[in-house]
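Please dock the two separately framed chains into a single complex, following the hints provided.
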Amino acid sequence: MSLVEDIEECGWVFGKDTVDSLYACMQCGKCTGSCPSGRITGYRTRRLMNKVQSGDRSILEDPDIWLCTTCYTCYERCPREVKTTDVIRALRNVAAKEGHMSKAHRATAMYVIKTGHAVPINDATKKLRKKLGLSEIPPTTHKYPEALKAIQDISKKMKFDKLVGFDWNTMNLEDREEK
Amino acid sequence: MKEYAYFLGCITPNRYPGIEAATVKVLKKFDIETRDLDGASCCPAPGVFGSFDLNTWLLIAARNVTLADMMGLDVYVTCNGCYGSLQEADHLLKEKPELKDWVNENLKDEGLEYKGNIEIKHVVELLYDDIGIKRLKEAVVAPLDAKIGVHYGCHFLKPSAVRGHGSSERPTILDELVEATGAESVDYKDKLMCCGAGGGVRTRDLEVSLTFTKQKFESMKKAGIDATINPCAFCHLQMDRGQVEIKEKFGEEFFNMPVLFITQLIGLSMGMSTEELGLNAHAIPMTEKFIR
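Heads up: the protein sequence lines correspond to chains A and B, in order. Heads up, the first sequence is in this note's numbering, so the first residue is 1 and it goes up one at a time. Heads up, the second sequence is in this note's numbering, so the first residue is 1 and it goes up one at a time.
Excised from the complex, chain B in its bound form (with noise of 0.2 angstroms):
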């Protein structure tokens, strides 16, 4: 058995709980323990808080991680900009001995002491690494027979130097995890760009940045692909709530594609209900493949 603290950010559990709880559910049944960490706030956005005062950005984020460090625990997320924040931080932090001492001075008051004995993990690596690719293939009692596209989203792969994933142009990892699943991973037009939301874009010229998600659903669509899948809870939100505002800010048709968390998809292939999993909840109802 191997225990994580589950840092959970904004979006997952005060939007999307249904990517919470199709987590927590799915990793349990691979022996891995989900565990609260108290106390936690907003990560906070990279693109968003990191562009308004860095130092308020990286101090904020510090304190997430060090919430865990203090329990000796590694942590997970289920979002790319919560990853992009705390995996940043702690890599600075753990690179800059300068940064280190800024942070502690400042964390003092609280009782908290950053010491770097943790690693920030993306549940996808938990999924991949931890689990691997064998034992989901033989978790499937339920086996998706569909068209996946395959949504990665920016800050799990990028800056690569520093997320240690390799290549941010050709990734597969994602794919092989829909494909254990019995779907296929089907190619689009532009399937590595991004949904559009970050940077603090969606907040401040919403029409912009539901144009990166239509030319995205676009192609999908071409593709003849039946659902998109992402490992980012705002990416998530974007897509999935995006379709109504995209409806509504420009008139065109819904695409009534459904969009799943990678463990929602999970979760299904191994038997869950698209109840329990949270999927009934969403903006864009699912359709028959997807509802068990």
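Pulled out of the complex, with its shape left as it was, chain A reads as follows (with noise of 0.2 angstroms):
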């Protein structure tokens, strides 16, 4: 399959429409130009853009692809009304399929299967939570155990367990070499 096919799957939540956006780019740059990231870092939208309509399959393997903050202002600009940010999240799923996923992400993503929750609570926050007047325990997947199965549950479905490398034996990530 082609690059922009494998965009397409990964982003068909989106509809393809969104996705084929992409062929309306023009390389005028006004992405890369309104681009916080770009201005501190070497990312760079419209040449991400100008890989993807290309085919150019190198990019999954740029860790520049990573430093967009999802902030949409060049999806807000863009004048070809290219759908930027929604293509760059799918393409980095097929980035991710690729096995292009930081341990630090893996290790978010470990959170939510483990707790439901990216960011667990602890002991500290649960004393200003009583301080506060509010229930220790925020009435979440941190409080409800058949909710935590749900999400454990959607995680084995949608095989979101084997992308992130999680070992439910030993509740943690599996040893993976990072690409």
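I should point out that these hints are in silico values taken from the structure, not numbers from a laboratory. Predicted, not measured: the structure shown is a model, and the values here were computed from it. Hints are supplied without guarantee of correctness; some may be wrong.
Stated by the list, open to error - Covered stretches of chain A, going by a simulated chain B footprint (3 or more residues, C-beta under 8 angstroms):
#1 34 to 43
#2 119 to 133
To be verified - Simulated restraints on C-beta separations:
#3 A:130 x B:138: 29 to 35 angstroms
#4 B:190 x A:56: 28 to 34 angstroms
#5 B:28 x A:162: 42 to 48 angstroms
#6 B:134 x A:53: 20 to 26 angstroms
#7 A:63 x B:271: 47 to 53 angstroms
#8 A:33 x B:72: 19 to 25 angstroms
#9 B:170 x A:172: 46 to 52 angstroms
#10 B:101 x A:146: 23 to 29 angstroms
Claimed, not checked - Cross-link-like lysine-lysine pairs, in silico, BS3-like; alpha carbons within 30 angstroms at most:
#11 B:94 x A:157
#12 B:94 x A:156
#13 A:162 x B:108
#14 B:147 x B:221
#15 A:127 x B:25
#16 A:51 x A:162
#17 B:247 x A:103
#18 B:115 x A:156
#19 B:222 x B:191
#20 A:130 x B:121
#21 A:51 x A:130
#22 B:100 x A:16
#23 A:130 x B:2
#24 B:249 x B:191
#25 A:114 x A:157
#26 A:179 x A:159
#27 A:149 x B:121
#28 A:149 x B:108
#29 A:162 x B:100
#30 B:137 x B:147
Glycine included, every Cβ here is placed at the ideal spot set by N, Cα and C.
Right, here's the structure in full:
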């Protein structure tokens, strides 16, 4: 499959038209000019769009694709209405599928599988919650084991656990070489 | 009286519960009741989980929306990330019947069914539309005498075609809310710039992420701003704890700029104490103007 077909498949939730908007890119560079990340790093949205359009799969290994904060400034300003941020998220899905997922990102994903929260509660916050007159444990997956099980079932059904490299025996990340 | 289910997300209940306490209290003063959204999870973060696997992202977000849908209550959130995920997922499900079928097929084991009868709202919409500037002004008993730098964050306004709050280039909604408390909203360079935390950048590359934050604080200092306010728990964390991290990473002086969530500022103007709003638990201590 071509790169754009892969992106279409991963980005199917947005619809094919959203991903295919990338063909309208005329390389004007307004995205790069608007990008707060590009101001302080080597990340260039225009270059990303160019590589995607030409089917250059080396973009999947480029760590710079992870420097977009999804601020949507380029998306809002694009004169050709390219759905840049959606294309970038779907492109990153393809990269993740090919094993390009940092350890730090895998750890964040692991917390959701383990606790239902990307940022789980800690003892200091429990104390503070009590002081503020709130329930010590919030009424989320932290309080309801059956809700946590529902999240874990979704992770299994979507093979998110495999994508992240989550080991259900150790309830931790599998060792995996960082690509 | 109006009732809403409160989708808490992660950072509000698990790091900055002062945002939760302040928001529930302020809304209650205006006869808006908050109900727990039992069994909710991470939204999950739109730029992070949406970047890993959009299927998992959509399904977990749809599950959270469906919990409220089945209670028959509109939802409010106190984080732009949560708003991004839940509002976008709800928008997609309302627009695309094939997605709704897919989601329901995958949620039925838990006995859930998404029908799409509710709205996902940001707490800023409740303050501005349900309560309104006039009533907020009338409720002020301790006006703030301070220069405030508003930080909008990204996902409250953008993408504007999905969010539906008008242009993302010259918004005024938060500035109007700030000025209702007696404070002055002061413009600064790059006011509408991202805080740097989103899209997994904070997790993967803290230094890049903090460089965004540092630039914003430098600009706010230059504009003579006393404190910054935000409508987003994740930006709030990035801007409060981030100031300590900037000192650690770059060895520069502390900005020492207090960071308040919008309902914490409004709570102060209504005579609530710094302590009951959780403001004394922040990494950056409040300065005199914000101690009540």
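Hint check results:
Here the region 34 to 43 of chain A counts 4 residues with a CB under 8 angstroms from a CB of chain B, which clears the bar of 3, and the coverage holds. With a cut-off of 8 angstroms between beta carbons, the region 119 to 133 of chain A has 9 residues touching chain B; three or more are needed, and the interface restraint holds. Distance hint check: the CB atoms of residue 130 (chain A) and residue 138 (chain B) are about 33 angstroms apart, consistent with the given range 29 to 35 angstroms. Between residue 190 (chain B) and residue 56 (chain A) the Cβ separation comes to about 32 angstroms, which falls inside the hinted range of 28 to 34 angstroms.
Our hint of 42 to 48 angstroms for residue 28 (chain B) and residue 162 (chain A) holds, since their Cβ atoms are close to 45 angstroms apart. Distance hint for residue 134 (chain B) and residue 53 (chain A): a CB-CB separation of about 51 angstroms, inconsistent with the stated range 20 to 26 angstroms. Look at residue 63 (chain A) against residue 271 (chain B): about 50 angstroms separates their beta carbons, and that is inside 47 to 53 angstroms. Between residue 33 (chain A) and residue 72 (chain B) the CB atoms are about 46 angstroms apart, so this pair departs from the stated range of 19 to 25 angstroms.
The supplied range of 46 to 52 angstroms is met by residue 170 (chain B) and residue 172 (chain A), whose beta-carbon atoms lie about 48 angstroms from each other. The hinted range of 23 to 29 angstroms is satisfied by residue 101 (chain B) and residue 146 (chain A), whose Cβ atoms lie roughly 25 angstroms apart. Proposed proximity of residue 94 (chain B) and residue 157 (chain A) is supported: the alpha carbons are some 23 angstroms apart, at most 30 angstroms. Taking the CA atoms of residue 94 (chain B) and residue 156 (chain A), the gap is about 26 angstroms. The hint holds against a cut of 30 angstroms.
This hinted pair checks out: residue 162 (chain A) and residue 108 (chain B) have alpha carbons roughly 23 angstroms apart, not beyond 30 angstroms. The hinted pair formed by residue 147 (chain B) and residue 221 (chain B) meets the criterion: a straight-line CA distance of about 11 angstroms does not exceed 30 angstroms. Annotation: proposed proximity of residue 127 (chain A) to residue 25 (chain B) holds, straight-line Cα distance about 19 angstroms (limit 30 angstroms). Simply put, residue 51 (chain A) and residue 162 (chain A) have alpha-carbon atoms about 28 angstroms apart, close enough for the 30 angstroms limit, and the pair holds.
Taken as a hint, the residue 247 (chain B) and residue 103 (chain A) pair is honoured in the structure, with Cα atoms around 25 angstroms apart against an allowance of 30 angstroms. Note on residue 115 (chain B) and residue 156 (chain A): the hinted pairing holds, with a Cα-Cα distance of about 24 angstroms set against a maximum of 30 angstroms. Note on residue 222 (chain B) and residue 191 (chain B): the hinted pairing holds, with a Cα-Cα distance of about 12 angstroms set against a maximum of 30 angstroms. Distance hint between residue 130 (chain A) and residue 121 (chain B) is fulfilled; the C-alpha atoms sit about 27 angstroms from each other, no more than 30 angstroms.
A threshold of 30 angstroms between alpha carbons decides the hint, and for residue 51 (chain A) with residue 130 (chain A) the separation of about 52 angstroms lies outside it, so the pair is violated. Note on residue 100 (chain B) and residue 16 (chain A): the hinted pairing holds, with a Cα-Cα distance of about 17 angstroms set against a maximum of 30 angstroms. With a C-alpha separation of about 26 angstroms, the suggested pairing of residue 130 (chain A) with residue 2 (chain B) holds against the 30 angstroms cut-off. A hinted pair counts as satisfied when its Cα atoms are at most 30 angstroms apart, and residue 249 (chain B) with residue 191 (chain B) qualifies at roughly 23 angstroms.
Proposed proximity of residue 114 (chain A) and residue 157 (chain A) is supported: the alpha carbons are some 15 angstroms apart, at most 30 angstroms. Distance hint between residue 179 (chain A) and residue 159 (chain A) is fulfilled; the C-alpha atoms sit about 20 angstroms from each other, no more than 30 angstroms. The hinted pair formed by residue 149 (chain A) and residue 121 (chain B) meets the criterion: a straight-line CA distance of about 27 angstroms does not exceed 30 angstroms. Taking the CA atoms of residue 149 (chain A) and residue 108 (chain B), the gap is near 14 angstroms; set against the 30 angstroms cutoff, the hint holds.
For the proposed pair residue 162 (chain A) and residue 100 (chain B), the alpha carbon gap of about 25 angstroms is at most 30 angstroms, so the pair holds. Straight-line distance between C-alpha atoms of residue 137 (chain B) and residue 147 (chain B) comes to about 17 angstroms, which keeps the hinted pair within the 30 angstroms bound.
Hints 6, 8, 21 from the earlier list are contradicted by this structure; the remaining hints agree with it.
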